[in-house]
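Just so you know, the protein sequences line up as chains A and B, in that order.
In terms of the working numbering, the first sequence opens at residue 1 and continues consecutively.
In terms of the working numbering, the second sequence opens at residue 1001 and continues consecutively.
Everything labelled a hint here was simulated from the structure, so no lab data went into it.
Incorrect hints may appear among the rest.
[Stated by the list, open to error] Under the rule of at most 30 Å between Cα atoms (straight-line distance), these lysine-lysine pairs were calculated in the BS3-like manner: (1) A:Lys99 <-> B:Lys1192; (2) B:Lys1264 <-> A:Lys39; (3) A:Lys110 <-> A:Lys79.
[What the hints assert, rightly or not] The calculated label-pair distances, taken between Cβ atoms and stated as ranges, are: (4) B:Arg1301 <-> A:Ala113: 36 to 44 Å; (5) B:Gly1302 <-> A:Asn94: 28 to 36 Å; (6) A:Asn94 <-> B:Asp1067: 53 to 61 Å; (7) B:Gly1270 <-> A:Arg103: 46 to 54 Å.
[Claimed, not checked] Far from chain B by the CB rule (all over 12 Å, computed), these chain A residues: (8) Cys24; (9) Cys38; (10) Ser40; (11) Gln42; (12) Met43; (13) Thr58; (14) Gln70; (15) Pro84; (16) Asp92; (17) Ala93; (18) Ala130.
Yeah, the Cβ is synthetic: ideal placement off N, Cα and C, and Gly gets one too.
For reference, the chains in residue letters:
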Amino acid sequence: MDLARNWRLKDQRFRLEGTVCAECGAKFFPPRQVCTECKSTQMTPHEFDGHGELYSFTTLRSAPLGYEEQLPYIVGMVKLDEGPIVEAQITDANPDTLKIGQRMEMVIRKLRAYGEDGVIVYGYKFRPAANGS
Amino acid sequence: MRDVSVVGIGQTPVKEHWDKSLRELAVEAILGAMQDAHVDHADALYIGNMLSGQLTGQENLGALIADEIGLRGIEAMKVEAACGSGGAAIRAGYLAVASGQFDVVIVAGAEKLTETSNCYTTAALAMAADSDYEAIHGISFVALNALLMKRYMYEYDLVPEDFAAFTMNAHANAVNNPYAMFRSAITVEQYKNAREIADPISVMDSAPICDGAAALVLMPTEHLNGQRARAVKIAASAVATDSLALHDRRDPLWLRAVELSSQKAYAQAGITPRDVDLFELHDAFSIMSVMSLEAAGFAERGRGAYLAREGEIGIHGRVPISTMGGLKARGHPVGATGVYQAVEAVMQLRGEAGKNQVPNAQIAMIQSLGGVAANVVTHILSN
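Produce the entire structure from the sequences given, and follow the hints as far as they go.
Right, dumping it as structure tokens:
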């Protein structure tokens, strides 16, 4: 199920690979083909280091199909130090002590599975940074 | 371009229509609009719908519904812009008449969300957002709005109760709307004790999953010859877009497409927000009401919630919103919602809104949001 699609997204899911504009230097995650700042199409890959701060978060009590077993789970927006905001699940965290603005780091985790015979999708999540890095 | 008028309206009650199919709902609303307009034909049909393929296994609604209403042969197609599909269908119909292409056009919106269980519908609604970078993380559409609401509360130092007046206004207005889903007033206590879906959003901040259909008949204003006293003019029709995904916005707390779409509409109609007698905004979530009021120019940034607390959004307030219950209490059959807004605005401008009549309503603005205001359709109707 969605085999080619999950393969196609591997550089984003495992390495946070986005793009940088060769003309104006703007950085993007997810990758873009056209720069939103200067409309250049001279885009090259850029790997983000996966550190940033928590912009917002919420705990889901009701899930879309395929995520029910994970309930309750936290999702958030993390503003990377290099600029872009990334949306992902927040893991290894207690929602009662999470705070907007706290340091976060990327980790690789299981995102979801497509039943017993389907693929298991892995990719980035974020957790509170170990040493405030 | 020709001026365009709405000459007929129709709607079904909004609820969980377990006994009716998508086509039955659409036909009921359209026949109602045609009867109201005293027409028995149309040149074209544009039907707004978001999820018929995903939830009922049925696409190609244009051909299906044109045939079911007895107009097999005419031009017809489905228009999709997520939760803004209804508004987008009005836009398509408006262009078809304004351009001179057609003289009688039916615009409909129809949606059936209760055919499937909740987790299927929740997953389908998340298709309004970015599939590869939002939905894959289990981020539901409610969650996206929760992320915005939590950040908004953080930046402007608000608590959930600051949003309660929006829900209470919507429910109070729905009491008098026989087509509304929730015809019951609610209290602050009920708001505070409501079941959480994704904090800080509870069921009381969120429009319900439901079914419904609504329809309009459009004609060129110049063809009316003053004979249709109940006709309402479309004074502006405008669409603007923003990034589909929240993370691609430099300033997620500002609904740029709402601002752009509203400003285009004000310019077309030659008015300012002060001239608007009622504003049917897209209150799928309380936070969308707040942020829409700000971006559309009715409140300063960070002050949208105060409009409700100060009583400005009621029927007799400065900016009446959700006058027939809004998405929250009339209900939000997503692809039909934009057309329901138009039907209700026409009722207000005709003076047919009963106990919810906005006194001397002359100019109504309606706004339909696809995704988290990624595609924003604004229409201004006037007498």
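Tested hints:
{"no.": "1", "hint": "A:Lys99 <-> B:Lys1192", "result": "22 Å, holds"}
{"no.": "2", "hint": "B:Lys1264 <-> A:Lys39", "result": "24 Å, holds"}
{"no.": "3", "hint": "A:Lys110 <-> A:Lys79", "result": "22 Å, holds"}
{"no.": "4", "hint": "B:Arg1301 <-> A:Ala113: 36 to 44 Å", "result": "43 Å, holds"}
{"no.": "5", "hint": "B:Gly1302 <-> A:Asn94: 28 to 36 Å", "result": "30 Å, holds"}
{"no.": "6", "hint": "A:Asn94 <-> B:Asp1067: 53 to 61 Å", "result": "57 Å, holds"}
{"no.": "7", "hint": "B:Gly1270 <-> A:Arg103: 46 to 54 Å", "result": "51 Å, holds"}
{"no.": "8", "hint": "Cys24", "result": "15 Å, holds"}
{"no.": "9", "hint": "Cys38", "result": "15 Å, holds"}
{"no.": "10", "hint": "Ser40", "result": "17 Å, holds"}
{"no.": "11", "hint": "Gln42", "result": "20 Å, holds"}
{"no.": "12", "hint": "Met43", "result": "15 Å, holds"}
{"no.": "13", "hint": "Thr58", "result": "4 Å, violated"}
{"no.": "14", "hint": "Gln70", "result": "6 Å, violated"}
{"no.": "15", "hint": "Pro84", "result": "7 Å, violated"}
{"no.": "16", "hint": "Asp92", "result": "15 Å, holds"}
{"no.": "17", "hint": "Ala93", "result": "14 Å, holds"}
{"no.": "18", "hint": "Ala130", "result": "22 Å, holds"}
Against the hints set out earlier in the document, violations occur for numbers 13, 14, 15.
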